[in-house]
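Asks: Chain by chain, the residues run as shown.
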Amino acid sequence: MRLLLVEDDEMIAETVLESMRRLGYAIDWAADGRAAELSLANGVYDLVLLDLGLPKRDGIQVLNTYRKAGGAASVIILTARDAVDDRVRGLDAGADDYLMKPFDLDELAARVRAALRRRTGQKQPIYTHGDLTLDPASHEARKEGVPLPLVPREFALLQVLIEEPARVFRRAELEEKLYGWGEEVGSNTIEVHVHSLRRKIGAEQILTIRGVGYRLKGLE
Amino acid sequence: MTSIRRWLLGWLIFGLAATSLAAGYGIFHTARREASELFDYELRTVALSLPANIATADAAERSRHNFNGLADDRIAIDIWDQQGQLVYHSVKEPALPRYSEGFRSIERDEYRWRVFGLQQPDRFIQVAQPFSVREDLALRLAWRTLWPLALLVPVTIALVLFVVARGLAPIGGLSRALSRRSIDSLEPLQAGAQIPVEIRPLVDALNDLLRRLSDASQAQRIFVADAAHELRTPLTALKLQLQAARRDGTLQGESQTLERMEGRLNRIIHLAHQLLTMAREDANRAASVAPMSLRRLAERSVGDLSLLAEAKRIDLGLEERIGNTSDDYMVQGDEQALGILLNNLIDNAIRHTPEGGKVDVILTRDPQGVGVEVVDTGSGIAPDELERVFDRFYRGVGAQGSGSGLGLAIASSIAGRHGATLDVRNRGEGNGLIVRVGALAPAG
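Protein chains in written order, with my numbering: chain A, 1 to 220; chain B, 221 to 664.
For reference, chain A alone in the conformation it holds in the complex (with noise of 0.2 Å):
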């Protein structure tokens, strides 16, 4: 896996490139636009970490240069600018994912995880939380390594809560996600599910966001 930062700020490219380093990456360094397209005619990187603001040619030209030209690498756009309009511009622009500075550097390795993941089509990753574990392609969910006895819906429910644990989904949203068009849905299935589902895995492990939904408790 070879990826490429383009970032002018030293400091920050300093700490990014040992920090990816350390988790086994081979990373490149291109302080500037022009740099950064000499680099990416090479061809040989899989993830580009790419920043906005950078001198001598925008961060979002070098993308539609790259892309243009067939460049197939994952681009995650690490910027200052938080405007929804730019965040817009950059996904239009063809990147895969979009991280706000300041980040932490796990968020950025989850990211960059993440981003590679997709590439290499490994569709189904096993997900872990905390204690928990969830790998979809066995069916197969484990507490501290203990697999757990759930039934397909409680393990669709877990699912759809750690692949995305930090968001809270509505009961309508966790309805229209386990149940198929036309189902009957009682009007308060999905809280028994939470209900089974707590009594297996560990009431602390789901929160109930009062008014809004559920998600998985928070790590810290």
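Don't take every hint at face value.
What the hints assert, rightly or not - Subject to a maximum C-alpha distance of 20 Å in a straight line, what follows is the list of computed PhoX-like cross-link-like pairs (lysine-lysine):
1. B:LYS578 - A:LYS217
2. A:LYS200 - A:LYS217
3. A:LYS143 - A:LYS217
4. B:LYS578 - A:LYS68
5. A:LYS143 - A:LYS200
Hints listed in this document are in silico derivations from the structure and should not be mistaken for laboratory results.
Let chain A serve as the given structure and place chain B on it in line with the hints.
Replies: This is chain B only, laid out in the frame that chain A set:
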């Protein structure tokens, strides 16, 4: 307070009334004098035109004619012959004594008379008329000359009122246009073609001032935005470096100290972020509004901030004043801005609520519109500080945590842009604060 309108009206109407009075007085007296001269002339004509044989021939006719016209005017005629004998006397009253030739005014039996004597070759004629009759007629005449003037006065006053109102209309329009503007509006005044040349310099000067003010505040916003933006990159670098150094062990130290350093750093990052939001919100006064669900927005904000609440073991939840889960609380709003507003309010509430407390986000609907309240169980705000909470960079005396002092200022600006109300009050019962956004325009 001076008023051009009152001044103009006062002086014009007062002046007009005074001149009219003087003119009326003058006309009245002239008319009277003219009438008097006219009567003298009449007397003289009567005396001259008396037939020579009036005494002898017309004694009989007199009873028939009785000098009808003259009698009405009460003209007394006396005629003496050459010997000084009174040969003719027209009215029943005793004859006047004989006076010399010419006009004179005399008084007799409480009546004042105007007398004209005329010496003819064979007789002396004296005609007399009481002043009372003359006065009556003269007065009537004089009054009749006055009435067009009396009619003119109200018409002129109406004209003055109309002209003054029309003349001052552009000034009134200008001040109305000024008072209708929002406080923060720095748009130039609409200088239409109908602005008169007299106040155009005023409008131009005002517009010039507004433009310079607008440029200055624009420059300030750009500076703040740039500064905040420029701060982000080094802050990111600092944060990454701190994290990396802690992880690989190159930064040694008590973990509590390191954590505190990271906390402080996060606070600076938060401040830079809020500054940028503020500058952007200031610049964004005319962003488009569209129908949106306040419930969905509140769900998202509560969801986003539930991690922060969980970390402080705070029970954060979404409620509604009137339980109706099918109501989406549709409003006309700028979704992104209202999201920032709500996040700021909830974030503030969580920051100021001690561990184990409770924060409620409550959707409301009342005749004024749709609203949302954020109620916490924190320490509230001292009453004398309540007014200052919307000031930029204001942080409460006992403020803890990582607030920037900009959250409520940003919220207030966003609420203002939506024509919504934003008020902060302490909870009546127990501890805590209620921040209420009200009167959002409902949609759909």
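Asks: Run every hint past the structure and note whether it holds.
Replies: Going down the list of hints, with the structure as the test:
Distance check on the hinted pair: B:LYS578 and A:LYS217 sit about 18 Å apart at the alpha-carbon level, within 20 Å; holds. Between A:LYS200 and A:LYS217 the CA atoms are separated by roughly 15 Å; this keeps the pair inside 20 Å, and the hint holds. With a C-alpha separation of about 14 Å, the suggested pairing of A:LYS143 with A:LYS217 holds against the 20 Å cut-off. Among the hinted pairs, B:LYS578 with A:LYS68 is inconsistent with the structure: their alpha-carbon atoms are about 53 Å apart, more than 20 Å.
Distance check on the hinted pair: A:LYS143 and A:LYS200 sit about 10 Å apart at the alpha-carbon level, within 20 Å; holds.
Comparing the model with each numbered hint stated earlier shows that hint 4 is the single one that does not hold.
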